[in-house]
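Going down the list, the protein sequences come from chains A and B. Counting along the first sequence from 1, when you hit position 84 you're at 83 in numbering that gives the first Met the number 0, and nothing is skipped either side. Counting along the second sequence from 1, when you hit position 93 you're at 92 in numbering that gives the first Met the number 0, and nothing is skipped either side.
If you're looking for bench data, these hints aren't it; they were derived computationally from the structure. Treat each hint with caution, since some may be false.
[Claimed, not checked] If you want the footprint, here are the derived chain B segments under chain A, 3+ residues with CB under 8 Å:
id	region
1	519-525
2	566-579
3	597-610
C-beta: ideal position from N, C-alpha, C; glycine also.
2 protein chains.
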Amino acid sequence: MHRLRVLNEQRAHATTTSGETDTPPSMRGVHAIAPGVYAITADPPPHGRLARAWHRLKRVLLGPPLPSGRERRERLGWLAALAILGADAISSTVYGPEEMLRVLSQAGVPAISAYALPIAVAIVALLGILALSYWQTITAYPTGAGGYIVATDNLGRVPGLVSAAALLIDYTLDVAVSVASGVETATSAVPLLVPFRVPVALGGLCLIMLANLRGIRTAGALMSAPIYLYIFGTAGVVALGVLHWATGTLPPYAPPQSAQEVLNRPVETVGLVLLLRAFSSGAVALTGIEAISNGVPYFQPPEARNAHRTLAGLAIVFGALMLGITFLCGAIGIVPDPTETETVHSQLTRTILGAGPLHMVLEASALLLLILAADTGFADFPRLLSLLAHDGYLPAAFGVRGARLAFSNGIVLVAAIAAVLIVVFRGSVTALVPLFTVGAFAAFTLSQVGMARHWWRRRDPGWQWHMAANGLGAITTTAVLGIVVVSKFVYGAWMVVLILPLLVLAFHAVGVHHERLTRHLHIGSAHAASRVLASPMRHHVVITVGRLDRIVLQAVKYAHGLNAPIEAVYVTDHRARGEELRHDWDAAQVGVPLVILDSPVRSFDGALLRYLDFVQKREDPHCFLTVILPELLPTRWWHPLVHNYFAWRLKWVLMFRPRTAVTSVPYEVRE
Amino acid sequence: MHRLRVLNEQRAHATTTSGETDTPPSMRGVHAIAPGVYAITADPPPHGRLARAWHRLKRVLLGPPLPSGRERRERLGWLAALAILGADAISSTVYGPEEMLRVLSQAGVPAISAYALPIAVAIVALLGILALSYWQTITAYPTGAGGYIVATDNLGRVPGLVSAAALLIDYTLDVAVSVASGVETATSAVPLLVPFRVPVALGGLCLIMLANLRGIRTAGALMSAPIYLYIFGTAGVVALGVLHWATGTLPPYAPPQSAQEVLNRPVETVGLVLLLRAFSSGAVALTGIEAISNGVPYFQPPEARNAHRTLAGLAIVFGALMLGITFLCGAIGIVPDPTETETVHSQLTRTILGAGPLHMVLEASALLLLILAADTGFADFPRLLSLLAHDGYLPAAFGVRGARLAFSNGIVLVAAIAAVLIVVFRGSVTALVPLFTVGAFAAFTLSQVGMARHWWRRRDPGWQWHMAANGLGAITTTAVLGIVVVSKFVYGAWMVVLILPLLVLAFHAVGVHHERLTRHLHIGSAHAASRVLASPMRHHVVITVGRLDRIVLQAVKYAHGLNAPIEAVYVTDHRARGEELRHDWDAAQVGVPLVILDSPVRSFDGALLRYLDFVQKREDPHCFLTVILPELLPTRWWHPLVHNYFAWRLKWVLMFRPRTAVTSVPYEVRE
């Protein structure tokens, strides 16, 4: 043993020197830039047709890999920021009023004209309170802070995780609702698409995912064009409509055929529950309002001032559109389409402008706006996951940037969840909205409470005013959250109420586990390290064998090179077959003893595990086993489907066995 | 090097002796029964709560594992065989006539009364020809032979594979159609189930799958009870109906509400195409007729004579039911329900017996019959897969018997495919029937052609008669196959026409690959083996490192025990981070050189692969690399989701790299 150790150390030393030699062999893509440091400038070319095709497809769809540090963070002026960071909030004006009208329409058309505007006023008032609250957040965190950071900083770990879970739900539903609403906008113009609602939504989702994996951050100016087109177009429609209304020349309203049923509904008395439900549905329009305080670092300096200006602008634009759309819908008598074929927004513009090219252009701008809103979710979800991964609450995989610098795993995950939501809820905005609102308001509430606590703890000059603003926000959002949860519970809010705590529990468990692990794995000192390395480790090698062929022979040869006793093990339910193998084995003079395990119930994995227990008991309970799995090297894409079935099974069961290294030794058949 | 080899051989020898020592340490479940042979009588207990729960659930659902050779093959008398082997064919009388009527009803109700009986007569004539043909198969293969064996034996490899592919499609659709028809039978009695058609079908499928995984082969008597109840019950209904008809006292017919539309259909002239389509739909009733010639070994001796008797019995029973049901449906004027809520069989018995308990009992027997028919597919599909796996056309996994002696992988596979079919076709028998008929008749044709060839080659005395019978069968089934493919092409037959050749190509490719592989891997002689073992193999070890912790330290210690030069490799996009690690590494005196790979595009897998190419070029192109992946031992069910992300990724890319062993070295944290 001792002699071996010495020899091995000499070898190790020899490598050290050879690894640091002055003239290393050169190779394309590998450059020695310092002793023991290599720059790898090119990946090896992919092997095989399928791998090459996959590689080429990835190149075409995603573009060439980008080096780290090439992330351009474009600074936005307040006008561009209003478009880009406001896309999520402004896009809610497409579906927010519609969902409110839909609830009211259950009590007949008169309920709409009577209650729509008051509810819209209440929602705009709520918007004012939220804007005031987030104004304080920008003041307090001039470098930007999302709800997770605000809640963690000021309320502690668990509220931070609750906020994170609520935001993740919020972002996922932002993606799903925006895409679903985008499809509804598309079907407003092209009703032929109605039967393909779900496939169209999934296709759109896929495209947005690819764009995000590619990491395109298009220039602000380019992105703001459709948004401003939407804002000014819709504002123009509203202004024109109000003018018509004032002069009594409103054009006649032609409801979509499928909405006829709504017009014929019996009139019912409107109860408080219905009003609260309508308010909850309309409140979905406020989602996305927090994006500006998250995005402070993206502003041109002075960041905080520009952010404040944008927030004010957003509140004005959003409030005006919300009130204008709701007022005009009431004045014209527009009813939501129960089949979700034509949006209320489209009905409105169609009535005012007529079904011509202008209407088409405005609906196209709404569609682009909704796609950009989905894009917000695609950007924020993975970013929050990477923060959580960095803090140890999620696997490290979510903190890894892909070839295009985007957090690819998070992007794929949010797309997958949104796809499931779209399929399960058949692409219906109405079905998704209750889930969306709960997630958003839970995050709002925690953020406001956190900010109130922030001012209380700091007591900077004038803290009372800041705290009052955030306190008002906290109280209001708490009340709205309560209203939303209760009034929408049976309509889907229960799912969020169920999933949110489960998410928090999972994050917490993973966080505790990572903390404990870090403590366990830490090496205190050089002395501790040398103590670990100096303690002896006995090896014992077991080769699993199914028959005697060149694959096994190569594995035996490989094992001979290791410095440990070796045995080969064959499991069978038929002892005679084992004896046949032993006969061949002895004839071939393999030079390694063959052990036959007779398992009458054909439990191949179980029998091997049992025998490994036995070996460890026999040899030394602390000996480290190495199980060698002789495998065939796959050289075609379908080989993994056909070969190495037993090796895969054993890898799975051995994965959970302590003190057991598992070695795959691949045999290459050259054809 | 030489000294090491000698030492290692001494060690190997030492193990040989210790492995065969006279007093090995004893252990529960491991018994030395001869030198180097152990009987493993018990699996190790499962670790962890989830594994224990899973183990317990499996025990409850599937029962304790059964030792090999405990497979009881119950021998059947001809009456029991008629029930069990005939279940598939007899069950077709539930949906066969219905599908024929459905096609005819497209030209209005008069088309049914005019053409249903003639088509049924044609189908029964076809049945006679098929029965005569399979009579010859039983004579020729008194030990039993399915279509795959008959076609391979007599026509060769590729026709055998075509037959196998056709049969696999046939069996899968037998499962799907029987379950779907069973659900329709259930909704006939309990219309409340209609909206849950698909979930109910999937639940039923799951139960039949579990029963098959459990490997229950219930006593013949028990299983034949519901079948004979169905046969005599339906025959009684038919006889009673004919009596009523003869005396002019047929009860009035109350069609299901959803069938009203059929009664109001305009009368159209009946074209040849419609008649052929009706015939093709009705011909689905003939599927399953081959089961008796497959099942000859299950008969009591004299096997062939009993099988002949059963075949004759089946032909008589089936023909009588088919004609009787079709005649009465025409006489009463029964129309198929376009929503597939009430079966024609149920309408018939309801009309004759009234909607009372008798009707319920008869429908219950039809349901049980259909479940048993699905069971046939569950038995035959995995058995055929195991034959194909044995012949090298499929992965070995399909030839492995599970804990209960059933071919578990095949059972799960057929259930999965049938589930997909049921979901895609929304549980509609009508939609599935075209696929079913094509598969069945393709298999019939190849089997008959094979038999004709068989007699031609053998020319036993009297071969002319046998060959004439099979020749007639071959010509007829070929013609019917042509009719079915053409008339049902757009209704789904195209899928089979597409998939069948793809399956054959896949089987063929895998077969050729396995053959080549066997040649490659064969070791000619002891000399060849010793030559392989004697050639030198240089080892080189690379440890992948993400940080310096106890996991890595253990992996380094493990590597020290191997007899090879070692280096540790760290990939980063940030060289400074690498230098930090090197500082800690040197401070801890790890004793292994650390190489830093700087990959600016964060291609961790690619950079490592590139560097491995480089190492092999530097050291020796033929040296065998061992990549050591330091891993954390998962001790909770969710650990695999949270840990070892990079190790999993590397395992995947390294799986395709020649001359590279991959070793997982797990570190156990004791909490």
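TODO: Return the numbers of the hints above that this structure violates; sort them in rising order.
DONE: Going through the list in order, the structure violates no hint and respects every one.
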